[in-house]
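Colleague: Since the structure of chain A is already known, use the hints to place chain B on it.
Residue numbers (this note's numbering), protein chains in the order written: chain A, 93 to 558; chain B, 3 to 583.
There may be inaccurate statements among the hints.
Said to hold, decoys possible - Short derived list, chain B residues pointing at chain A, Cβ under 8 Å:
#, residue
1, Gly239
2, Tyr436
3, Gln477
4, Leu478
What the hints contain is simulated information worked out from the structure, not anything from laboratory work.
If you're wondering where the values come from, they're calculated on a predicted model, not measured in any experiment.
Glycine included, each C-beta is placed from N, C-alpha and C at the ideal position.
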Amino acid sequence: MGKEYKTITDIAGPLVFLEKTEPVAYGELVTITLPDGTVRRGQVLDTSKDFVVVQVFEGTRGLDKSCSVRFTGDVVKLNCSKDMLGRILSGSGEPIDGGPKIVPEERREIVGAAINPYARQYPREFIQTGISAIDGMNTLVRGQKLPIFSGSGLPHNDIALQIARQAKVRGTEEEFAIVFAAMGITYEEAHQFMKEFERTGALERAVVFLNLASDPAIERLITPRMALTAAEFLAYEYDYHILVILTDMTNYCEALREISAAREEVPGRRGYPGYMYTDLATIYERAGRIRGRKGTITQMPILTMPGDDITHPIPDLTGYITEGQIVLSRELHAKGIYPPIDVLPSLSRLMKEGIGKGMTREDHKEWNDQMYAAYAEGVDLRGLVAIVGEEALSERDRRYLKFADEFERRFVNQGKYEDRDIEYTLDLGWELLAILPEEELTKIRREYIEKYHPKYRKKKAEGEAS
Amino acid sequence: MEVKTAGSVGEIYRISGPLVVAEGLKAKMYDVCKVGEEGLMGEVVGIRGDKILIQVYEDTSGVRPGEKVINTGMPLSVELGPGMLGTIYDGVQRPLPALKEVSGDFIGRGIEAPGLDRKKKWHFKPTVKKGDKVKGGDIIGVVKETELISEHRILVPPNISGTITEIYEGDFTVEDTVAVLDNGTELKLYHKWPVRIPRPYVEKLPPEIPLITGQRILDTFFPVAKGGTAAIPGPFGSGKTVTQHQLAKWADAQIIVYIGCGERGNEMTEVLEEFPELKDPRTGRPLMERTVLIANTSNMPVAAREASVYTGITIAEYFRDMGYDVAIQADSTSRWAEAMREISGRLEEMPGEEGYPAYLASRLAEFYERAGRVKTLSGHIGSVTVVGAVSPPGGDFSEPVTQNTLRIVKVFWALDAKLAARRHFPAINWLQSYSLYVETLRPWFEKNVAPDWGELRNWAMEVLQEEANLQEIVQLVGSDALPDAQRILLEVARMIREIYLIQYAYDPVDTYCPLEKQYDMLKGIKMINDWMYKALEMGKPVEEIIGVKGKEKFARAKFEENYKPVLEEALEEIRKNLLGE
Numbered sequence: 093m094g095k096e097y098k099t100i101t102d103i104a105g106p107l108v109f110l111e112k113t114e115p116v117a118y119g120e121l122v123t124i125t126l127p128d129g130t131v132r133r134g135q136v137l138d139t140s141k142d143f144v145v146v147q148v149f150e151g152t153r154g155l156d157k158s159c160s161v162r163f164t165g166d167v168v169k170l171n172c173s174k175d176m177l178g179r180i181l182s183g184s185g186e187p188i189d190g191g192p193k194i195v196p197e198e199r200r201e202i203v204g205a206a207i208n209p210y211a212r213q214y215p216r217e218f219i220q221t222g223i224s225a226i227d228g229m230n231t232l233v234r235g236q237k238l239p240i241f242s243g244s245g246l247p248h249n250d251i252a253l254q255i256a257r258q259a260k261v262r263g264t265e266e267e268f269a270i271v272f273a274a275m276g277i278t279y280e281e282a283h284q285f286m287k288e289f290e291r292t293g294a295l296e297r298a299v300v301f302l303n304l305a306s307d308p309a310i311e312r313l314i315t316p317r318m319a320l321t322a323a324e325f326l327a328y329e330y331d332y333h334i335l336v337i338l339t340d341m342t343n344y345c346e347a348l349r350e351i352s353a354a355r356e357e358v359p360g361r362r363g364y365p366g367y368m369y370t371d372l373a374t375i376y377e378r379a380g381r382i383r384g385r386k387g388t389i390t391q392m393p394i395l396t397m398p399g400d401d402i403t404h405p406i407p408d409l410t411g412y413i414t415e416g417q418i419v420l421s422r423e424l425h426a427k428g429i430y431p432p433i434d435v436l437p438s439l440s441r442l443m444k445e446g447i448g449k450g451m452t453r454e455d456h457k458e459w460n461d462q463m464y465a466a467y468a469e470g471v472d473l474r475g476l477v478a479i480v481g482e483e484a485l486s487e488r489d490r491r492y493l494k495f496a497d498e499f500e501r502r503f504v505n506q507g508k509y510e511d512r513d514i515e516y517t518l519d520l521g522w523e524l525l526a527i528l529p530e531e532e533l534t535k536i537r538r539e540y541i542e543k544y545h546p547k548y549r550k551k552k553a554e555g556e557a558s
Numbered sequence: 003m004e005v006k007t008a009g010s011v012g013e014i015y016r017i018s019g020p021l022v023v024a025e026g027l028k029a030k031m032y033d034v035c036k037v038g039e040e041g042l043m044g045e046v047v048g049i050r051g052d053k054i055l056i057q058v059y060e061d062t063s064g065v066r067p068g069e070k071v072i073n074t075g076m077p078l079s080v081e082l083g084p085g086m087l088g089t090i091y092d093g094v095q096r097p098l099p100a101l102k103e104v105s106g107d108f109i110g111r112g113i114e115a116p117g118l119d120r121k122k123k124w125h126f127k128p129t130v131k132k133g134d135k136v137k138g139g140d141i142i143g144v145v146k147e148t149e150l151i152s153e154h155r156i157l158v159p160p161n162i163s164g165t166i167t168e169i170y171e172g173d174f175t176v177e178d179t180v181a182v183l184d185n186g187t188e189l190k191l192y193h194k195w196p197v198r199i200p201r202p203y204v205e206k207l208p209p210e211i212p213l214i215t216g217q218r219i220l221d222t223f224f225p226v227a228k229g230g231t232a233a234i235p236g237p238f239g240s241g242k243t244v245t246q247h248q249l250a251k252w253a254d255a256q257i258i259v260y261i262g263c264g265e266r267g268n269e270m271t272e273v274l275e276e277f278p279e280l281k282d283p284r285t286g287r288p289l290m291e292r293t294v295l296i297a298n299t300s301n302m303p304v305a306a307r308e309a310s311v312y313t314g315i316t317i318a319e320y321f322r323d324m325g326y327d328v329a330i331q332a333d334s335t336s337r338w339a340e341a342m343r344e345i346s347g348r349l350e351e352m353p354g355e356e357g358y359p360a361y362l363a364s365r366l367a368e369f370y371e372r373a374g375r376v377k378t379l380s381g382h383i384g385s386v387t388v389v390g391a392v393s394p395p396g397g398d399f400s401e402p403v404t405q406n407t408l409r410i411v412k413v414f415w416a417l418d419a420k421l422a423a424r425r426h427f428p429a430i431n432w433l434q435s436y437s438l439y440v441e442t443l444r445p446w447f448e449k450n451v452a453p454d455w456g457e458l459r460n461w462a463m464e465v466l467q468e469e470a471n472l473q474e475i476v477q478l479v480g481s482d483a484l485p486d487a488q489r490i491l492l493e494v495a496r497m498i499r500e501i502y503l504i505q506y507a508y509d510p511v512d513t514y515c516p517l518e519k520q521y522d523m524l525k526g527i528k529m530i531n532d533w534m535y536k537a538l539e540m541g542k543p544v545e546e547i548i549g550v551k552g553k554e555k556f557a558r559a560k561f562e563e564n565y566k567p568v569l570e571e572a573l574e575e576i577r578k579n580l581l582g583e
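Chain A with its partners taken away, still in its complex shape:
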């Protein structure tokens, strides 16, 4: 153990400045003991021969110059063990479920090293979430990082829970677990998550990290890294397939901005630090598959777009790093559609390799193109209807309008506990495509139309019956 110092010179926001220390390592873990004996933890942000800057995870409330500071000579680590499964931990990795301490099999640095791109394996395995708007239109694959872009008041938590409940890779019985990290969410939301986890028995195969809105903001900076360290441990040591749910990344970014402001750094856009892209990347890029290893890490970060603005730095930088995004729409929500997923701005970059013959179904790719084009056209036409009225439209246009409406009401809309398999989703899509004149289905090859279009299926069924 290192020496104790009582040389604090300044305290500013979450930062503590010290002088006259021994050489302190960059990133070193620090413990600060208050006069009443409570201990806070922190990390070295800047170190030199003359001064040291420490960011205090649990906040600086109650600190004064008389506090004693000890440098541990170690960086921040998480106690990792298979026994983490089924446990609820604080945002900095301490058990808060009243259970025993976690006996570490290994203590891992929470700042994970970057995966060598040469060691990665391209994600290709289809994860069925049971949600049509995701499985059919923006398919998730194992090892992908696919965020949900939401807004305040939208049911992103319900969707996350539904995915956590229903997600599976078909035809495999492999070990599957969830790592759930909450950053700055309210007690009520946390309670909803916990209740649901317990009710469905999902908690047994989950590790939960909770940093509530009332917990120190700075702790949020380490919570996702703790969670990902746990995920990596379970995935790469115990071959688990891990789904990591991080909510709400917006709170994480706010904490990042707070630190940056306290350090008086030159701000980038809207006061967020210029390195926020890099910082977020060190979280999101920890998703993936590695050649020769069984376990995988799939990430589903959730963020609320301030003012529903997708160009705000938080969703914007996230979108540049993640492999697509699922965007929720307030308009659909207002129409009573659940999940209110707006498929047009949504995207899954990795779906092309995860769908098709042998993975979902042979017609999926072309079906997807056609569904997208048809819905986009229908939505465009709504704008026209608002001006000229529906009577002025041609028959073809009216059918597109109908398609768009049915798409939202029947295809996107589904129950919170409704688990649709991919065949159901695709067939439902075909039923909607049958609304359109057949010659409009230019994106799908003839062969598939004759095989899957309800008209031909019906004929075939009749033929077989007679």
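Modeller: Leaving out everything else, chain B in the frame of chain A:
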């Protein structure tokens, strides 16, 4: 007098993320230093009094003040010689497979790995003989590097000249001496070159040959010249990376340097898995044999990201100096600019617009200026074409990186989120994009493809332009209210958009469209256009003209390898349906 900085040892004074401040060190700007006990690689970026500011290419966690810093006295350099093709490097030319061997699946720190394999032997065939006078940049022999690049030309380093006193044929490693000059200089298969200094050439030549990409919207409407510069700005999800990958796959350059600068790890993996499988359409060899990959993904150290674009362009210039046409894809230059911003912030420099350093514009200009078609020192003609992706925050093209890039580049491929949302790919907006090479390249196309190439292109652009004007009216009154001739125009424009401009990157045939096919398709649309107007004159109802049968077949031709019969059959059907026998 020059101060010797090599071997100078100092001490760390301060560490702040990727920035380390040393004292007691003798250093020049851009000297490479080994920092701390682990020997992390860094580069001098500032000198303030007796303090030396170093940007470190690796994570600095655990490094303490007081640890030593050793100056190598050398600027950041790359090793140029056989063995680069087919390899994937990090931002400072360390081969990623070598890093994997040392530190496993995750990238460790302080690992030294030379850019070129020291053990592999290459067969060297001299092309000069004893007594020949050689100067910098001259070719002294060749090495067969891959089947695709059977002539890796070994160059005299640019700053060396003399008379050959000895030269050998045989199998050599890159470090063996293959020739000796009269002044005692030993020439090897490789030499080093500092990445921040452009390699010399005799003169720049005008760009008059197009870089054929096999992408219809690029080749026909917004072509880039060999040795030219292009930018692809677009919001996320609009297809920057797919477009860059398409260029890396199909562009008719002999060498491709692909720089993944601060982007996704899986994207590099995709290239790594896909390129060895893909065949070059001209030679049938795996594309990987002509490709050098540089991967500095977003979670790898930020300072190395700053270096990666220089590493890439220096490798490109080296192949150019052999007389090859090289194309660079830099994805994304915005990440490079952000890396500059981050380092600049740590240096506490006065920020310019949006926190970017004031020298952003000049750095971008310097980089793109290294593109060009040149006469090399050895008298060959080679070129470096630079295509930079730009990732503007929020898709807003008015931000500093996009604006400063557009001031330099000659081709602008504007990606459009709206087109992407309706799955119109490549989502390049035909009204916003431009190419300043259209007129300079027109003679080439008219000579090598068809005499009416330019005319046809301009006709199609006019139709699209006119469509945009009409769309405003259609939005108000619906298309049925338009005069017949304009309704035909809308239909022709729709055909140009949906048949010609939409190109499927993942379709095995449509992914690459040869120039002749491009011409035939567009010419076909023009013919249909003429017949439609003629049919209108003959009194055919406009609904029948617009809905003429045979268009679906015409549209399918792009998915056919042997497209001509399909195209002709479809055209014949359409002609009959419109004009009768």
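Colleague: So which of the earlier hints does this model not fit?
Modeller: Hint 2 alone not satisfied by this model.
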